[in-house]
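If you use the numbering used here, the sequence shown corresponds to residues 1 to 55, in order.
Bear in mind the hints are in silico, worked out from the structure with no lab data behind them. Accuracy of the hints is not assured; some may be wrong.
Pair ranges (Cβ atoms, derived) [said to hold, decoys possible]:
{"id": "1", "residue 1": "40", "residue 2": "5", "range": "47 to 55 Å"}
{"id": "2", "residue 1": "12", "residue 2": "36", "range": "32 to 40 Å"}
{"id": "3", "residue 1": "8", "residue 2": "29", "range": "28 to 36 Å"}
{"id": "4", "residue 1": "1", "residue 2": "39", "range": "34 to 42 Å"}
{"id": "5", "residue 1": "40", "residue 2": "8", "range": "42 to 50 Å"}
{"id": "6", "residue 1": "37", "residue 2": "5", "range": "43 to 51 Å"}
{"id": "7", "residue 1": "2", "residue 2": "39", "range": "51 to 59 Å"}
Yeah, the Cβ is synthetic: ideal placement off N, Cα and C, and Gly gets one too.
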Amino acid sequence: DHLIEKILLLQRLIRLFHVRRQFERVRKEYLKTLSDIEGELSIKSVEIIRTKSID
1 DHLIEKILLL QRLIRLFHVR RQFERVRKEY LKTLSDIEGE LSIKSVEIIR
51 TKSID
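Based on the provided sequences and hints, a complete structural model is requested.
Below is the structure:
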């Protein structure tokens, strides 16, 4: 009975480790995507400002 509790605890810890790792990967991908989008937006806003100043 005590052995089963230890095994269940170990399984929970392993699952927790994997879930945290998956969330970290998702977070990194989200931040990369957000950075890419913000970079594109800042480039577009600079182009819009240049176009307006030329006219």
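Verification of the supplied hints:
1. 40 with 5: 47 to 55 Å: Hint holds: Cβ distance 53 Å, inside 47 to 55 Å.
2. 12 with 36: 32 to 40 Å: Distance hint for residue 12, residue 36 holds at roughly 36 Å.
3. 8 with 29: 28 to 36 Å: Holds: the Cβ-Cβ distance is about 32 Å, inside 28 to 36 Å.
4. 1 with 39: 34 to 42 Å: This hint is violated: roughly 57 Å between Cβ atoms.
5. 40 with 8: 42 to 50 Å: At roughly 48 Å between Cβ atoms, residue 8 and residue 40 fall inside 42 to 50 Å, so the hint holds.
6. 37 with 5: 43 to 51 Å: 47 Å, holds
7. 2 with 39: 51 to 59 Å: 56 Å, holds
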